[in-house]
Amino acid sequence: MSNINSKQKNKPNLVVVGNGMVGHHFVEKAIELGLNTTYDIHVFAEEDRPAYDRVYLSSYFEHKDATKLNLVDMADYEATGIQLHLNKKIVDINSESHTLTVEGGESVEYKKLVLATGSYPFVPPIEGGDHAHCHVYRTIADLDDILETAQKPSAKKGVVVGGGLLGLEAAKALVTLGLDTYVVEFAPQLMGVQLDPAGGEILKKKIEALGVTVLTGKNTKEIVHNRSVSLHHDIHQKDSQNEVHLEKDTFLTMKFTDDTELDTDLILFSAGIRPQDGIMRSNPECGVTLGGRGGILINDHCQTNNEDIYAIGECAVWDNKVFGLVAPGYAMASICAAQIAGDTEQTFTGADMSTKLKLMGVDVGSIGDAHATTEGSLSYIYQNPNEGIYKKLVTSGDNKKLLGAVMVGDTEDYNNLLQLFLNDIDLPAHPESLILPNVEKPSMGIENLPDTATICSCFNVSKGAICGAVEDGAYSLADVKSCTKAGTGCGGCAPMVKDVLAYQLTDLGFEVNNDLCEHFSYSRQELYGLVRVKGIKTFDDLLTQHGTGRGCEICKPAVASILSSCWNDYVLKTELAPLQETNDYYLGNIQKDGTYSVVPRVAGGEITADKLIVLGQVAKDFNLYTKITGGQRVDLFGARLEQLPDIWECLVEAGFETGHAYGKSLRTVKSCVGENWCRYGVADSVGLALTLENRYKGVRSPHKIKMGVSGCTRECAEAQSKDFGVIATENGWNLYVAGNGGMVPRHGELFATDLDTETLIKYIDRITMFYIKTADKLQRTSKWRESLEGGLEYLQQVIIEDSLDIAQELEDQMQLLVDNYVCEWKETITDKEKLKRFRHFVNSELGDDNVVFVTEREQIRPATELEKEAVEAVV
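Quick note, the sequence shown lines up with residues -7 to 867 if you use my numbering.
Please keep in mind that the hints were generated in silico from the structure rather than gathered at the bench.
Each hint should be verified, as a subset may be incorrect.
Said to hold, decoys possible - Calculated pairs, BS3-like style, for lysine-lysine (alpha carbon to alpha carbon, straight line, at most 27 Å): (1) Lys696 x Lys526; (2) Lys210 x Lys350; (3) Lys81 x Lys103.
Could you put together the complete structure from these sequences and hints?
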């Protein structure tokens, strides 16, 4: 007995049995993870050729060139040390000695063993089914046998036994070969696993329209071999005397249990598959456990009951299921490679068996619970017999979730529906609109899919992976396919891949890069989600877990804002202070001359005489220029850095708080005098303004927020030009949203009417947190609202109807921010360490005499040129 040994004695063997698509994918993943540097990898294949693409097997009948289906680049195998053994069948496994026996007597030791033996075609136990003109449809060798039979001059008719996915694919092959084709199916319909009866009937009619005869409900009991002589048969010269003989050819008769018959020249069995577990069955002493109905039993790690033996693909049984699609096999291959490499976090948790394909030119799609077996589920059906279109939606009893779908004749909506199903996204108010024709269909949009959403199921490529490839320079569909393999499997995901690509590029072809910066490959919204979900409290933790490098002037303040929006911690905490921009770092607005402005909070514009006196005295003592702002506050200009703590101390002692004029946060809540003084007022606008400002003070957001409250419809507080505008009516408060000034002023939109104060505050809580959660970096509420797919109506559904079921979550998050509020001025002046940042010199509280500030504006400022001209004209 010869031995197959490692090239390097110090490297153990990793043996893969099977070089089909799944086995080859495992080898690719093993190379990616560097397993070839730890192990000598041996791959054993029963066939005489390396792995090839079985998904496009039927194309072989058109080009008859097996090399076009090749998946293996032998140069890559050789360069990475992969040893491929063709025509080598494994006949024995000894798990105790960790050895395999190859047919012919060779043996090989293994440290780790991966079984990727695939499956074999199921041939019903029919008498006469072993005839040479009865074939299966699995390998290239099988296809060559089919070709040999089909190309006989006498071959005119072919029958496929089985009306499932593979059966209809085989039928297409027989049509390609020019045979009069029949499909015989035992079940009462085609594709009984994927389609409901109505969908199966539509599919049958469409296939029959293509010239294929479909016989359902047919059970074959016997296949009779017949011999006949025909003028069409081959003429052979049989002997040296050159006598001419007519050869007798064979045709077959299929006899069914209903006493009908069907003559044919070729039979192709495609009645399903069975796990290829023959090695285990013939060697029970190896101790590997099999499933109750066959197949090699595996756990979530793709391990058998022997920790050194793994099984992947169609030979494996997980949770009593065999997965007969390539995508689950690829997932198993990836997880298995990761497990062997030491990554035990990755596990196999099952697979979605939704499918979309074109069978003989007919589009077919099936998602989830296509048969509506879920208790309480609802079904919506659209059927157009004239055009051969059938669509069905299966939803949960409350109409919120998609449970399944069937599509025949038109699968344009497949990708949209699949993402709704896979990502558990809420359905629109009228789910039937998703399948009705000539209706603008609601869509979740690429931008609303999580990065983990699988776009290409064949290669398990996520949206995030595709976006990452585009960001790395894959600017064309071909580049994306090359980098990620997305769209190169069955091709059904190609439209979605294209959509993701388009999502990342501008109309001119430039990359649309939503990354925060080079240190974080996430947008602001995505980072917010990571911080919120994972409870991250510091920049360093976020950088360690989800970033690279040390950070920059872009990501640091953005992350600082996100952290504040989530937790509202004191911004000058030791771990947070280095992230802040100049204004937040010094808790004041820096002006063009290098001095700072100080803006104490005057909630609602309401202020006492004593506090007005304090403001005047502070301005006088520190020689500050004063200005009443548009938000009804007093701005004190011209404070030097070292003066700030002294000014704050005076103001805090008088009862003032920071007005957060330096932060991307609530600035002001402007109000009119309301019903207390105004003869037109119908509600206490000042009281509400005080409530709102005191509630939302210190709440940081992607951009500054301003509010306004008017006591009547005369609108003296100009509420409709604010991010949140409230106007009193006889019946309650009217709420306007997303109005603001800026480069392009925007009028607020009427969001809700006749609200009581409690409901009003609840809505503002929710909208503010939803804005914080979903807006981009430095995006005003106006631009944010305009970017929302579905517009104002969508926002109303989220906030008022709680369509996303997150209302309570948003309210709780706002309450956390409210509860964590501190006056940053007060907090700073009581901390000697924090006060050091306001000194020019580390060891002295004195200012720098070399820095001279020139006062441009006194309290009675110099007249402007226009004013001087006006005075001169009067004189």
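field: Structure versus earlier hints - violations, ascending order
entry: Violated hints: none; all satisfied.
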